[in-house]
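**Student:** One-letter residues, chain by chain:
Protein chains: 2
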Amino acid sequence: MTDRLLDATHDPALQSWVPSANEPGTDFPIQNLPYGAFRRVGRDEPLRIGVAIGDQVLDLKLAAAQAGWPADVQPLLAPLAAGDLNALMAQGAPARRQLRAALSQALRAGSPQQAALAGALVPQSEAAMAVPCRIGDYTDFYTGIHHATAVGKLFRPDNPLLPNYKWVPIGYHGRVSSIGVSGQRFRRPTGQTAGPEGTPLFGPVKRLDYELELGVFVGAGNAQGEPMTMAQAEDEWFGMVLLNDWSARDLQAWEYQPLGPFLSKSFATTISPWIVTQEALAPFRRPFTRPEGDPAPLPYLDSATNSERGALGLTIEVWLQTPAMAQPERLSCGNAADAYWTVAQMLTHHSSNGCNLQPGDLLGSGTLSGPNPDQAGSLLELTQGGKQAITLSSGETRTFLQDGDTVILKAYAEAPGARRVGFGECRGTVLG
Amino acid sequence: MTDRLLDATHDPALQSWVPSANEPGTDFPIQNLPYGAFRRVGRDEPLRIGVAIGDQVLDLKLAAAQAGWPADVQPLLAPLAAGDLNALMAQGAPARRQLRAALSQALRAGSPQQAALAGALVPQSEAAMAVPCRIGDYTDFYTGIHHATAVGKLFRPDNPLLPNYKWVPIGYHGRVSSIGVSGQRFRRPTGQTAGPEGTPLFGPVKRLDYELELGVFVGAGNAQGEPMTMAQAEDEWFGMVLLNDWSARDLQAWEYQPLGPFLSKSFATTISPWIVTQEALAPFRRPFTRPEGDPAPLPYLDSATNSERGALGLTIEVWLQTPAMAQPERLSCGNAADAYWTVAQMLTHHSSNGCNLQPGDLLGSGTLSGPNPDQAGSLLELTQGGKQAITLSSGETRTFLQDGDTVILKAYAEAPGARRVGFGECRGTVLG
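Those sequence lines, one after another, are chains A and B.
Counting from 1, one number per residue, gives the positions in the first sequence under the numbering used here.
Counting from 433, one number per residue, gives the positions in the second sequence under the numbering used here.
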C-alpha cells in the first residue's frame with residue numbers, strides 16, 4: 001500500500017559497516033538514520049548535528065569535511081556541518097530524501113566512504129544531546145480520542161467528548177522555553193489549586209502526571225495567508241520524536257477555564273533527542289479509518305492518500321522508575337495508530353486559517369491512549385483520576401508522580417518486510 | 433507616589449536638539465526614548481535598532497560609531513549597533529536605566545554630542561519598521577475584567593465571570609510566527625464554524641474582530657525552576673507596545689472547548705513598532721486597588737509596591753478606517769488602569785510554576801475594556817455580540833470587520849508634572 005514511499009533505503013536486508021547498527025534490537029539500524037544535536041561530553045563547543053547509527057553518532061561536522069559525498073549532496077550537508085538542522089527542514093521533502101539516500105549509501109556495508117567516515121563516529125555514550133533545532137512555536141493537539149473521552153469523563157462526567165471533537169483537530173499553543181531533551185530534570189511546580197470555601201491554595205502541586213505523546217517537527221512549512229492542502233501537508237512534516245507533556249492536574253482543573261491549560265503544562269516538556277524522519281517511518285504507514293457511524297472528515301481534511309496511509313503503526317510505551325526500583329517497570333503499551341487525526345490533518349488544520357508554520361515548529365499529538373485500560377498514556381487515566389492507586393513491582397503504590405520518579409517513554413515500529421526502527425528514550429525526572 | 437522611579441530623564445522641561453521632539457503633540461519627546469527595529473526604506477540591509485525622537489529615529493548603528501558616549505555605556509550600545517535588542521533586554525533594569533540616561537544626555541538641547549549624532553538621524557518616514565526583537569514565546573493574558581464579564585455573558589449567560597477569575601491571572605499561550613508590526617495586512621481567515629444539524633461549515637469567517645491590548649516585553653527573565661517574586665517582576669519587564677489580538681469569533685465559539693482559543697487567533701497579531709520602556713512610563717504609575725468586597729491577591733501576587741503603583745494610567749483608543757472613509761473614526765477610548773491584574777502580577781504568576789521567561793518574550797494584557805460601553809476594546813462588546821450594529825460617520829454600519837477595513841490602536845499617557853508620552857500607532861488591515 002505504501003510502495004511509492006519506499007526505496008532502496010528501506011531494504012530490510014541492508015547492513016551497515018557500523019557493527020552495532022546490525023544488531024537485532026537496535027533502535028538505530030541503517031534503515032532509520034534520525035537526526036539530533038549534540039556536544040561531545042566534556043567539551044565546551046557549539047552544538048553539532050549528528051545521525052544515530054547503532055550505538056554511534058555520525059558527526060556531520062566531521063563527516064561533511066570528508067571526500068566522497070555526491071556533489072549535489074554537499075550543499076545539503078553544509079548547514080548541518082554548521083549545526084543548523086532547521087536549514088535542512090526548510091528545504092522540504094526532496095532534499096530530505098536525497099540526503100537520506102546519500103547517508104544510506106555512505107553507511108552501508110562495503111561503502112567506499114567507510115574509511116573516511118570511520119573517524120567521524122562519536123559513541124552515543126560520549127554525546128550530550130540537546131534540543132535538536134530552533135523551535136519557533138510549539139502546538140499541542142488532542143488527537144487521542146480514548147484519552148479525550150477518559151479525561152472528559154473526569155472533568156465533565158455528563159459530556160465527556162465535546163461536539164466539536166470529531167470535526168476539529170483540537171489543539172492549543174504550548175510553551176517553547178521550557179522544552180528540554182531526554183534527561184531533563186525539573187522541580188515539582190508550585191501553583192494555585194482549588195481550595196476550601198472558594199479560596200484557592202498555593203503550594204507544590206499534588207497531582208503531577210506525565211502524558212505520552214509524539215512530537216512532529218515541521219519541514220518547509222507555509223507562508224502566512226497560504227494554507228496547506230492535505231497533499232502539501234503530507235510532505236511538510238520532517239519527522240517525529242517522543243514527547244512527554246508533563247501535566248499538573250490540580251493546577252489544570254483550577255486554571256483551564258475559559259482559555260485552556262497554561263501553567264499546568266508550561267513548567268517542562270521533554271522530547272527524545274533523535275528526530276525519526278517521515279521517510280524512516282514510511283514502511284509503517286497504515287490505512288486511516290474511523291469507527292462505523294463517525295462523520296467523514298470535512299473535505300479540507302480529507303484525501304485518498306490520508307485514507308490509504310494516514311495512520312502510523314508505532315508501538316508506544318511508558319516506563320516508570322522510582323528511586324526504590326532497580327529497573328524501570330512498564331506502565332502501559334499502546335499504538336499511535338489509535339489517534340483520531342493524522343499528522344497531515346494536524347498540519348492542514350493548523351494552517352487552514354492562514355497561520356504560517358515554520359521549519360522546526362513542533363506539534364504534539366496529544367496523549368495517545370488506546371481503547372484498553374493498559375493502553376492509557378497518563379496516570380490520570382491509569383488511576384481513574386487518582387481514585388485507584390496502581391501497585392508497582394517494588395510494592396510501592398502511585399496515584400500521581402512522587403519526587404524522584406523518572407518517567408521513560410519509548411517507541412518502535414515493526415512491520416512485515418521492514419527492518420524495525422526505534423526512537424530511543426524520552427526520559428525525565430521530577431525533583432523535590 | 434512614584435518619586436523613587438523618577439530621575440532627570442523625566443523632567444518635563446527637558447528639550448531636545450531634535451526640534452520635532454519638542455512639539456506638544458509628539459508621541460516621542462525626549463522623555464520617551466522607545467526602541468524599535470527598522471531598515472532604511474528601499475535598502476536591503478540587516479535590521480537596525482533605533483530610538484524614536486520626535487519624527488526621527490536615532491540609528492544606533494550609526495550613533496554607536498560616534499565618539500562622546502560614556503565608557504560604561506559603550507558595551508551596552510555594541511549589541512544594539514549589531515541589531516540585537518534582546519541583548520539589552522537580557523541585561524536587566526540597571527543597564528536599561530543607564531542607557532536611558534545616556535540617550536537622554538546625548539539628545540538633549542545643548543548636548544556636546546549633537547554634532548556627531550545629527551548624521552545618525554533617519555526620518556521615521558524613511559524607516560520601514562519590523563518586529564523589534566526575537567520573540568521566543570508569546571502569552572496572552574485576560575486582565576480586562578470588564579471584557580471578561582461582557583464576553584462571558586455572550587458565551588455563558590448564566591456564568592459570565594468564572595470562579596477563578598479574581599484569583600488567577602488567566603492566560604494562555606499564543607502564536608509567535610504570525611506576529612507582525614504595524615502596517616500588517618492579512619487575508620480574512622477561513623475555518624470551521626458551527627453549522628446546521630451538527631455538521632460544521634468551512635469558509636471565510638464572518639465574525640472578524642479586533643482586540644485592544646497592551647503587549648509587555650520581558651527583560652532579563654528567570655531561570656527554569658526559579659519563579660520570580662513580585663519584587664523581581666517589577667524590574668523584569670522591559671517595556672510595552674500596543675497589541676491587536678485579531679479574533680475570529682465564529683471560529684472561537686466552535687473550537688475553544690476544552691483547550692482554549694487556537695485558530696481563532698493565530699492567523700495574525702499586530703504590534704506597534706516602538707517599545708516604550710517601563711522607565712518612560714514611570715510617571716504614569718498609579719495605585720492598584722480592587723473593588724470593595726473583592727478578595728486580596730494571594731500573597732505570591734501581592735506587594736506593597738504593587739498596591740502603591742502597580743496600575744498604569746494610559747489612555748487607549750481604537751480607530752477604524754473603512755475604504756469609504758477619508759479619515760479614521762474613533763470607536764472607543766479607555767484606560768489601561770482598568771485592568772484587574774498588573775504587569776508584575778502577570779510575570780510573577782507566569783513564572784510561579786517554574787516556567788522560564790526569556791528576554792524578548794511577549795505578554796499580552798488581554799482586551800482592555802472599561803466599565804462604560806464606549807470603552808469597549810472589541811466589536812464583540814460594542815455590538816453586543818453582533819446583535820446591535822454600530823453606525824459610522826460615513827453612514828456605513830458594522831457588526832464585525834469587513835474586507836478592506838483598517839484598525840488603528842493608539843495609546844498615550846499624561847499626568848500632572850510629566851511630559852506626555854505616546855506609543856505611535858498599531859495599524860492593521862483585513863484583506864479580502
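Honestly, the hints are just simulated from the structure, not real lab data.
Take the hints with a grain of salt, since some may be wrong.
[Stated by the list, open to error] DMTMM-like mimics (lysine to aspartate or glutamate), calculated; alpha carbons at most 25 Å apart, straight line:
1. A/Lys206 with B/Glu658
2. B/Lys638 with A/Asp374
3. B/Lys638 with A/Glu197
4. B/Lys493 with B/Glu477
5. A/Lys166 with B/Asp835
6. A/Lys387 with A/Glu45
7. B/Lys585 with A/Asp72
8. B/Lys585 with B/Glu724
9. A/Lys153 with A/Glu317
10. B/Lys493 with B/Asp476
11. A/Lys206 with A/Glu396
12. B/Lys638 with B/Asp504
13. A/Lys206 with A/Glu226
14. A/Lys153 with B/Asp590
15. A/Lys166 with A/Asp294
16. B/Lys819 with B/Glu724
17. A/Lys153 with A/Glu292
18. A/Lys206 with A/Asp338
19. B/Lys638 with B/Asp837
20. A/Lys153 with A/Asp302
21. A/Lys206 with B/Asp734
22. B/Lys598 with A/Glu45
23. A/Lys61 with A/Asp72
24. A/Lys166 with A/Asp338
[Claimed, not checked] One-sided excerpt, in silico: chain B residues whose CB lies under 7 Å from chain A:
25. Leu446
26. Tyr604
27. Asn788
[What the hints assert, rightly or not] The following residues of chain A were derived to be distant from chain B, with all beta-carbon distances above 12 Å:
28. His10
29. Ala13
30. Gly68
31. Pro70
32. Gly110
33. Asp137
34. Arg187
35. Gly191
36. Asp235
37. Gly354
38. Asp361
39. Gly385
40. Gly386
Computed from a prediction, not measured in an experiment: that's the story for all the values here.
Using N, Cα and C, we set each Cβ at its ideal position, and we do this for glycine too.
**Student:** For every hint, state whether the structure bears it out.
**Tutor:** Evaluation of the provided hints:
Distance check on the hinted pair: A/Lys206 and B/Glu658 sit about 19 Å apart at the alpha-carbon level, within 25 Å; holds. Distance hint between B/Lys638 and A/Asp374 is unfulfilled; the C-alpha atoms sit about 45 Å from each other, more than 25 Å. Among the hinted pairs, B/Lys638 with A/Glu197 is inconsistent with the structure: their alpha-carbon atoms are about 42 Å apart, more than 25 Å. The hinted pair formed by B/Lys493 and B/Glu477 meets the criterion: a straight-line CA distance of about 12 Å does not exceed 25 Å.
Taking the CA atoms of A/Lys166 and B/Asp835, the gap is near 31 Å; set against the 25 Å cutoff, the hint is violated. With a CA separation close to 49 Å, the supplied pair A/Lys387 and A/Glu45 exceeds the 25 Å bound. For a cut-off of 25 Å, the pair hint linking B/Lys585 to A/Asp72 is broken: about 61 Å separates their Cα positions. Distance hint between B/Lys585 and B/Glu724 is fulfilled; the C-alpha atoms sit about 22 Å from each other, no more than 25 Å.
Among the hinted pairs, A/Lys153 with A/Glu317 is consistent with the structure: their alpha-carbon atoms are about 23 Å apart, no more than 25 Å. With a C-alpha separation of about 15 Å, the suggested pair B/Lys493 and B/Asp476 falls inside the 25 Å cut-off, and the hint holds. In summary, the hint linking A/Lys206 to A/Glu396 is supported, as the alpha carbons are separated by about 17 Å, within the 25 Å threshold. Note on B/Lys638 and B/Asp504: the hinted pairing is violated, with a Cα-Cα distance of about 55 Å set against a maximum of 25 Å.
Proposed proximity of A/Lys206 and A/Glu226 is contradicted: the alpha carbons are some 44 Å apart, above 25 Å. Among the hinted pairs, A/Lys153 with B/Asp590 is consistent with the structure: their alpha-carbon atoms are about 23 Å apart, no more than 25 Å. At roughly 8 Å between alpha-carbon atoms, A/Lys166 and A/Asp294 fall within 25 Å of each other, so this suggested pair holds. As the CA atoms of B/Lys819 and B/Glu724 are separated by approximately 33 Å, the hinted pair breaks the 25 Å bound.
Using a Cα cut-off of 25 Å, the hinted pair A/Lys153 and A/Glu292 holds, with the two alpha carbons roughly 22 Å apart. Distance check on the hinted pair: A/Lys206 and A/Asp338 sit about 30 Å apart at the alpha-carbon level, beyond 25 Å; violated. For the suggested pair B/Lys638 and B/Asp837, the alpha carbons sit about 14 Å apart, so the restraint of at most 25 Å is met. Between the alpha carbons of A/Lys153 and A/Asp302 the distance comes to roughly 29 Å, so the proposed pair goes past 25 Å and is violated.
Restraint check: the Cα-Cα separation between A/Lys206 and B/Asp734 comes to about 24 Å, which is no more than 25 Å; the hinted pair holds. Proposed proximity of B/Lys598 and A/Glu45 is contradicted: the alpha carbons are some 48 Å apart, above 25 Å. For the suggested pair A/Lys61 and A/Asp72, the alpha carbons sit about 17 Å apart, so the restraint of at most 25 Å is met. Between A/Lys166 and A/Asp338 the alpha-carbon distance is near 14 Å, which keeps this suggested pair within the 25 Å criterion.
Checking B/Leu446 against chain A by beta carbon gives a least distance of about 38 Å; that is not within 7 Å, so the hint is violated. Contact between B/Tyr604 and chain A, as hinted, is supported at the beta carbon level, the nearest pair being about 4 Å apart and thus within 7 Å. For B/Asn788, the shortest C-beta to C-beta distance to chain A is roughly 5 Å, which falls under 7 Å, so the interface hint holds. With a minimum CB-CB distance of about 33 Å to chain B, A/His10 clears the 12 Å threshold, and the non-interface call stands.
Residue placement check: A/Ala13 keeps its beta carbon more than 12 Å from all beta carbons of chain B (closest about 43 Å). Distance check for A/Gly68 against chain B: the nearest CB is about 37 Å away, which clears 12 Å, and the non-interface claim stands. The beta carbon of A/Pro70 sits about 33 Å from the closest Cβ of chain B, which is more than 12 Å, so the claim that it is off the interface holds. In this structure A/Gly110 is separated from chain B by more than 12 Å, as the shortest Cβ-Cβ distance comes to about 45 Å.
With 12 Å as the threshold on Cβ separation, the claim that A/Asp137 sits away from chain B is violated: the shortest Cβ distance comes to roughly 5 Å. Annotated as non-interface, A/Arg187 brings its C-beta within 12 Å of a C-beta of chain B; the closest such distance is 4 Å. Distance check for A/Gly191 against chain B: the nearest CB is about 5 Å away, which does not clear 12 Å, and the non-interface claim fails. No Cβ of chain B approaches the Cβ of A/Asp235 within 12 Å, the least distance being about 19 Å, so the stated non-interface status holds.
A beta-carbon of chain B comes within 12 Å of the beta-carbon of A/Gly354; the shortest separation is about 4 Å. The Cβ of A/Asp361 sits about 7 Å from the closest Cβ of chain B, inside the 12 Å cut-off, so the non-interface label is violated. Chain B leaves A/Gly385 outside its interface by the beta-carbon criterion, the shortest separation being 16 Å against a cut-off of 12 Å. Non-interface call for A/Gly386 relative to chain B: holds, since the shortest CB-CB distance, roughly 19 Å, exceeds 12 Å.
Of the numbered hints stated above, those contradicted by the structure are hints 2, 3, 5, 6, 7, 12, 13, 16, 18, 20, 22, 25, 33, 34, 35, 37 and 38, listed in ascending order.
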